[in-house]
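S.K.: One letter stands for each residue in the lines below.
2 protein chains.
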Amino acid sequence: MTEQYKIFEENLTGTAQGNPYTDIWLKAAFKNDSETVEVNGFYCGDGNYRVRFMPAEPGTWTAVTRSNDPMLNGRRLVCECTPASEGNHGRVLRKDEVYPQSACTEEDRFHFSYEDGSRFQPFGTTCYAWINQPGDIQEQTLETLKSSCFNKVRMCIFPKFYTYNTADPEFYAFEGNEAEGFDHTRFNPVFWDNLEKRIRQLDELGIEADLILLHPYDKWGFAKMDRETDVFYLKYAVDRLCHFKNVWWALANEFDLLPWKSVEDWELYARTVMCRDSYGHLRSIHNCVKLYDHTRPWITHVSIQRIDVYKTAEAVSEWRQEYQKPVVVDECAYEGNINFGWGNITGEEMTRRFWEGCIRGGYLSHGEVYVQHEQIWWSHGGKLHGTCPERIAFLKGIMEDVPEGAAPLKLTPENHEANWDVPCLCREEDHSYYLYYFGFFQPAFRTYELPEGCSYEIELIDTWDMTVEKLPGTYAGSVRIELPQKQYMAVRMRKVC
Amino acid sequence: MTEQYKIFEENLTGTAQGNPYTDIWLKAAFKNDSETVEVNGFYCGDGNYRVRFMPAEPGTWTAVTRSNDPMLNGRRLVCECTPASEGNHGRVLRKDEVYPQSACTEEDRFHFSYEDGSRFQPFGTTCYAWINQPGDIQEQTLETLKSSCFNKVRMCIFPKFYTYNTADPEFYAFEGNEAEGFDHTRFNPVFWDNLEKRIRQLDELGIEADLILLHPYDKWGFAKMDRETDVFYLKYAVDRLCHFKNVWWALANEFDLLPWKSVEDWELYARTVMCRDSYGHLRSIHNCVKLYDHTRPWITHVSIQRIDVYKTAEAVSEWRQEYQKPVVVDECAYEGNINFGWGNITGEEMTRRFWEGCIRGGYLSHGEVYVQHEQIWWSHGGKLHGTCPERIAFLKGIMEDVPEGAAPLKLTPENHEANWDVPCLCREEDHSYYLYYFGFFQPAFRTYELPEGCSYEIELIDTWDMTVEKLPGTYAGSVRIELPQKQYMAVRMRKVC
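Protein chains in written order, with numbering that gives the first Met the number 0: chain A, 0 to 496; chain B, 0 to 496.
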């Protein structure tokens with residue numbers, strides 16, 4: 000029995016002659032009463048082949064395999080699917096893909112949803128090379144994630160070669176090694192088995208695996224494979240991994256630092272991923288300095304590295320306007336003390352960027368680079384040492400509590416004077432909810448003209464000290480709220496009648 | 000005897016009949032051996048007229064008055080001018096106006112100079128309505144300024160009506176009062192005498208008076224005078240005040256909040272000021288949300304209010320590039336705890352903005368709005384309570400020590416990777432000086448590739464604690480500097496051989 004949104008898997012035995020990775024194809028079309036899902040099986044060494052399928056509906060799904068290897072052809076597969084158990088919500092998609100258009104508001108295009116309709120608000124973190132660390136460190140990373148609030152991890156498939164990251168991994172995606180060279184036509188099953196184990200473990204923790212398929216930080220040649228090899232690799236990766244409900248595809252980290260790959264290459268790679276992914280997982284492509292054209296229809300959401308050193312999460316408003324898609328600021332700099340400007344902001348500033356971006360209707364990813372530790376989270380995983388993760392957890396709680404349909408306050412000539420300085424997330428249509436964030440401002444008070452005929456409970460939120468203080472009574476009309484003259488405060492108003 | 004750059008003044012008696020403000024004109028052309036300076040005299044009530052002249056060269060200057068009042072016509076005036084005494088450097092102008100073109104570098108267009116060639120780096124503050132407060136407060140403001148580092152004050156001629164500013168002043172520029180109306184054809188000599196006294200007192204403190212000629216915060220009608228009245232007022236103001244060497248003309252504060260005045264109006268007002276000002280004092284026009292076209296030739300320097308809430312002094316680089324003039328960020332928000340976002344940043348953030356702007360080759364003005372005090376500095380003057388003024392004084396000392404010719408490091412493809420994150424003020428041509436400012440970054444160390452063949456002394460500057468720590472020895476080649484992992488640090492390098 001296979002649980003809905005989990006993986007049905009059938010192991011088959013076929014030829015081990017020649018190079019099955021290049022020579023053998025294997026397909027199956029899973030059908031229930033109303034739908035057909037075509038999947039690609041894949042070779043995993045020693046004459047072993049595997050067909051996987053993620054059923055999105057309970058019931059019986061059947062398939063008959065097709066292959067150019069007679070041993071793999073014509074095999075009948077039956078997947079008996081049981082309804083999803085509690086906590087299993089399926090893939091994360093764009094909210095406007097999950098809900099029918101008639102049920103979608105203008106705001107929904109900027110947000111995500113699990114495919115069962117549950118809300119998903121990404122609070123990501125970054126551990127680029129965690130699966131390429133020693134096994135005990137990988138286990139430690141999982142332990143850390145387990146007790147953190149993060150629900151998305153940005154992670155590479157290929158190992159990383161960069162400052163503080165010079166060790167060779169134990170296993171590579173391809174057969175071979177650095178000294179003797181890699182065989183780009185044969186994959187290393189040990190590597191892929193471990194990667195899948197880690198993706199599965201993340202899923203058990205409710206964490207999305209934002210898989211970075213290509214990246215520039217390389218000394219092994221994986222960043223400079225030719226177009227055919229890239230496509231060959233992408234097909235294999237997607238054939239194997241697309242069945243995990245918690246997978247997102249990041250075509251690249253910092254695509255613009257791979258200048259030998261053209262826009263035509265990336266577009267081909269995007270088509271390849273889409274064509275081989277039976278389930279339409281989320282797709283993005285991340286930048287260093289130059290943004291990819293994020294209006295391209297295959298890009299489901301903006302995965303952005305802030306370009307400006309100063310204006311980071313604040314630009315969420317502009318990016319939403321420009322791209323009309325969910326905006327995930329996957330790099331807004333990291334908390335830490337590294338020598339580079341991308342990795343030495345304070346926990347306060349990181350927390351501020353998270354709040355600022357969330358209030359503006361975007362999402363952010365965390366990262367941490369404290370150089371004094373043997374493992375640096377942003378790349379190795381290991382342990383967290385910073386001050387912002389618990390504040391991000393606090394923010395996540397506040398955001399989970401934001402009513403559906405809330406949107407950043409639209410500035411108009413009429414409301415500009417009262418709102419130009421402080422962003423606000425609110426439900427304007429019924430005036431039921433307002434969440435103002437003051438960032439680095441330290442006002443002694445603030446005045447509000449509350450909507451006519453409405454009465455509110457008001458809370459002061461100290462986003463750094465992580466306290467919520469309900470002010471006595473209820474409020475209506477012209478209101479003056481005393482504030483503690485310190486940075487990082489928020490005010491929440493909820494309509495009571 | 001009149002000291003060079005100070006005011007020669009001759010009082011004359013003429014008619015008191017009719018309205019001398021509108022009816023009588025009085026001119027004099029002061030000549031020495033090589034030059035003629037035409038000035039306008041002005042009426043100051045009770046049949047008293049005054050001719051003023053600021054000699055820019057020692058020696059004998061003579062003039063014969065001309066007037067449509069026979070009593071004022073044909074009077075011979077002699078100004079015996081002695082050389083400037085110590086500390087008297089004359090007007091502040093653009094550096095490329097003071098130095099011959101052949102002696103100017105590309106950078107000089109972004110800076111100021113006294114007319115005697117001494118350096119002037121503006122560190123301004125804002126006391127909009129200080130001359131419209133009770134006399135004892137005006138005295139207190141001067142006392143405060145005396146012990147501060149500020150060398151420019153932004154101040155209005157007309158009183159200010161705005162939140163926290165609702166009191167009527169004792170005297171107005173025009174005759175009349177609010178109840179009975181103002182006579183826009185007659186000026187009140189008591190007001191102008193006091194204004195001049197205050198400008199003179201500022202000059203004695205070495206402070207430039209950045210005079211705001213028009214502004215929107217008004218209940219008395221001065222913001223809504225018609226074009227002819229504006230011109231009449233501007234002529235009188237300039238005729239009286241242009242002889243003070245420490246005067247700058249700010250045509251408006253927030254010109255865009257006076258939408259009933261057209262671009263044609265402002266251009267006319269600019270021509271009027273230029274035509275009546277015998278000495279070519281600095282001229283600017285300040286914005287709220289929309290910038291005036293700062294490429295206009297009459298604008299000597301950019302007097303800007305930051306538009307973006309987040310990116311403020313950092314934009315100096317862009318504004319320099321765009322306007323090719325000195326950039327003075329006259330409003331980058333103020334230290335304080337007011338309810339409005341323009342006046343509730345911390346002293347730390349204000350200090351950071353000052354450093355950031357200075358390192359980028361611009362200048363900033365300070366302001367302070369702590370609501371718990373009876374006088375709020377930004378408008379009333381009085382006392383300073385904030386934490387940034389002493390840090391600005393510290394910065395001023397650091398900036399005075401920057402060698403002539405230093406300029407912001409130009410980012411190139413070659414130096415980008417090492418410098419994208421941290422701005423640097425330096426002398427690139429002889430590699431003699433580098434001043435790096437880390438702002439909100441908190442690196443544990445930084446590495447530098449020092450220019451070949453040069454050896455440096457290196458100092459750590461804590462811009463908040465106001466300390467300068469010289470590191471032992473000298474440095475050459477590849478260098479790693481340990482840093483204290485805190486915000487607001489700077490590194491200064493000076494070539495020793």
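Since the hints were derived computationally from the structure, they do not count as laboratory data.
Do not rely on the hints blindly, as some may be mistaken.
What the hints assert, rightly or not - Here chain B is said to cover these stretches of chain A; the calculated rule only asks that three of the stretch's residues, wherever they fall, bring their Cβ under 8 Å from a Cβ of chain B:
1) 307 to 321
2) 387 to 394
3) 417 to 423
4) 443 to 454
Quick reminder that beta carbons are idealized off the backbone N, C-alpha and C, glycines included.
S.K.: Work down the list of hints and note, for each, if the structure agrees.
M.R.: For each hint, the structure was consulted:
no. : hint       : verdict
1   : 307 to 321 : holds (count 5)
2   : 387 to 394 : violated (count 0)
3   : 417 to 423 : holds (count 3)
4   : 443 to 454 : holds (count 4)
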